[in-house]
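Residue numbers (my numbering), protein chains in the order written: chain H, 3 to 249; chain U, 49 to 229.
Keep in mind the hints are simulated off the structure, nothing from the lab. We put the CB at the ideal spot given by N, CA and C, even for glycine. Keep in mind that the hints are not guaranteed to be accurate.
[Stated by the list, open to error] For each label pair, taking beta carbons as the anchor points, the in silico distance ranges come out as: (1) H/ALA57 <-> U/VAL124: 14 to 24 Å; (2) U/GLN109 <-> H/LYS73: 25 to 35 Å; (3) H/SER58 <-> U/TYR123: 22 to 32 Å; (4) U/GLN138 <-> H/ASP91: 28 to 38 Å; (5) U/VAL124 <-> H/SER149: 30 to 40 Å; (6) U/SER137 <-> H/GLN156: 11 to 21 Å; (7) U/GLU160 <-> H/ASP208: 19 to 29 Å; (8) U/TYR84 <-> H/VAL194: 37 to 47 Å; (9) H/MET155 <-> U/SER137: 31 to 41 Å; (10) U/ASP90 <-> H/ALA57: 47 to 57 Å; (11) H/GLU26 <-> U/GLN138: 10 to 20 Å; (12) H/GLU119 <-> U/LEU209: 25 to 35 Å.
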Amino acid sequence: MQKFTVTLEQFTGPLDLMLHLIKEKKLDLFDLAMDVLIEQYIQYLNAVDDKLEIASEYLYELAALLEYKSKKCLPVDPKPLEVNDYEEDPKDALVRRLIEYQQFKDISQLLNERFLERQKQLDKPIERQIIQLADEENIRFTQGNQSDLLKAMQKCLERFNYTHPMQVKITKTELSIDDRSDQLIAMIMNLVEPFSFDDMIQDVQDRGVLIVTFLAILELNRRNLLSFAFMDQEVHFRRGEAYGYNT
Amino acid sequence: MDITLKAIIEGVIFVFGEEGISLLQLSEALDLGEDYIRNILDEMVKEYQCEDRGFELVSIQDRYKFISKAAVHDYVQRIITLTKSRQLSQSALETLAIIAYKQPITRMEIEEIRGVGCEMMLKKLQAQDLIREAGRSESAGRPILYEITEEFLDLFKLMSLNELPNLPNYQEESSEHQLFE
Numbered sequence: 003m004q005k006f007t008v009t010l011e012q013f014t015g016p017l018d019l020m021l022h023l024i025k026e027k028k029l030d031l032f033d034l035a036m037d038v039l040i041e042q043y044i045q046y047l048n049a050v051d052d053k054l055e056i057a058s059e060y061l062y063e064l065a066a067l068l069e070y071k072s073k074k075c076l077p078v079d080p081k082p083l084e085v086n087d088y089e090e091d092p093k094d095a096l097v098r099r100l101i102e103y104q105q106f107k108d109i110s111q112l113l114n115e116r117f118l119e120r121q122k123q124l125d126k127p128i129e130r131q132i133i134q135l136a137d138e139e140n141i142r143f144t145q146g147n148q149s150d151l152l153k154a155m156q157k158c159l160e161r162f163n164y165t166h167p168m169q170v171k172i173t174k175t176e177l178s179i180d181d182r183s184d185q186l187i188a189m190i191m192n193l194v195e196p197f198s199f200d201d202m203i204q205d206v207q208d209r210g211v212l213i214v215t216f217l218a219i220l221e222l223n224r225r226n227l228l229s230f231a232f233m234d235q236e237v238h239f240r241r242g243e244a245y246g247y248n249t
Numbered sequence: 049m050d051i052t053l054k055a056i057i058e059g060v061i062f063v064f065g066e067e068g069i070s071l072l073q074l075s076e077a078l079d080l081g082e083d084y085i086r087n088i089l090d091e092m093v094k095e096y097q098c099e100d101r102g103f104e105l106v107s108i109q110d111r112y113k114f115i116s117k118a119a120v121h122d123y124v125q126r127i128i129t130l131t132k133s134r135q136l137s138q139s140a141l142e143t144l145a146i147i148a149y150k151q152p153i154t155r156m157e158i159e160e161i162r163g164v165g166c167e168m169m170l171k172k173l174q175a176q177d178l179i180r181e182a183g184r185s186e187s188a189g190r191p192i193l194y195e196i197t198e199e200f201l202d203l204f205k206l207m208s209l210n211e212l213p214n215l216p217n218y219q220e221e222s223s224e225h226q227l228f229e
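Could you put together the complete structure from these sequences and hints?
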């Protein structure tokens, strides 16, 4: 007989696993046979090859199920419940959660279809000229933070990929951040302000140098030789306050 | 040479590429009311759906841009190899769906629905600019609230959150019968 290995990877969590078991055993979600579900759930976790792999979330739900089961085994207290003592039946709570989870599972399926369709539709990157030609007075500078800078860098990398799509070259370029900083200092002297990331990577041919350039930009910014501001998620650079003094 | 208003709008949208142009910007540039321009844009959206066109006009929260039609994709790929498209895991999709329908929502609330920890997932989605922080909840500990971004809408080609399909409604099918039995 073929050995059937059980994994949890195909499930996004304990609720997903429970829904799978309910479907497999053809249980009625609205009239849930808890004993069957609990039994199946325990069996499933026991069958998982590497016990250590079971994430704590699965064990947490397992504990909740066992608590439910053990409570059911206890004799019921005949004393009528106080209004304040009322607690939602854990079974109802579980069913409510499973239904809600199923809703989002179905919706995420729909979303995925939309996502795959949209992936096939391509956007055209905006011309750099347009950004450069924009009248400087019209540029609205806003405060940016590190994550804005990262986002801009990602955009720049994307553009870099567009313009260097098919090239595959493996070379090791040794260029220190200091060397690159010096190169940049010389380069930005001739650039019209405000200039962009793209202006500073004109001479860059590979990703390694690109990263060194990015680090050098941060370094120059720290030394007040380069300042930057944001407009529509685009970074605009200027020579910094210290530029000209010590260069 | 004179061109029509529609042609001007078309040209402007073309120039702004993937960034798109907002209704407000168009209205200011053309010195015409937003409603007036919106009507023209609505008309254009329909016109580009025509099978004679290889791209279409989409709007994401009143920002308009052109994107190529899905059917063009295969032919582009015959010319150049497109970089492998983005992937979204089932977990990511579920988390996004929950935030989109329940926003603003805290991490705890998301975890309650999904039954698993979501901290890393939220960081990932934030880094991808698909969700963002939206202030803090007034409840104990003032947890961070999350909401989806325009980038999310674009990724699923949604004009706005109103375009999301309704959540499926699972009614207990037998309940009615039971009532009458």
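Do the hints match the structure? See the list:
Separation of H/ALA57 from U/VAL124 is about 41 Å and departs from the stated range, judged on CB atoms against 14 to 24 Å. U/GLN109 and H/LYS73 have their C-beta atoms about 50 Å apart, which leaves the hinted 25 to 35 Å range violated. Restraint check, H/SER58 to U/TYR123: a C-beta distance of roughly 49 Å breaks the suggested window 22 to 32 Å. Against the hinted window of 28 to 38 Å, the Cβ-Cβ separation of U/GLN138 and H/ASP91 comes to about 30 Å, which satisfies the hint.
Between U/VAL124 and H/SER149 the beta carbon distance is about 32 Å. The supplied range of 30 to 40 Å therefore holds. As the Cβ distance of U/SER137 to H/GLN156 is approximately 20 Å, the hint placing it in 11 to 21 Å holds. Between U/GLU160 and H/ASP208 the beta carbon distance is about 47 Å. The supplied range of 19 to 29 Å is therefore violated. Between U/TYR84 and H/VAL194 the CB atoms are about 38 Å apart, so this pair conforms to the stated range of 37 to 47 Å.
Taking the beta carbon of each, H/MET155 and U/SER137 are about 24 Å apart, not inside 31 to 41 Å as hinted. Taken as a hint, the range 47 to 57 Å holds for the pair U/ASP90 and H/ALA57, whose Cβ atoms sit roughly 49 Å apart. The beta-carbon spacing between H/GLU26 and U/GLN138, approximately 18 Å, falls within the hinted interval of 10 to 20 Å. At about 18 Å, the CB distance of H/GLU119 to U/LEU209 disagrees with the hint of 25 to 35 Å.
Against the hints set out earlier in the document, violations occur for numbers 1, 2, 3, 7, 9, 12.
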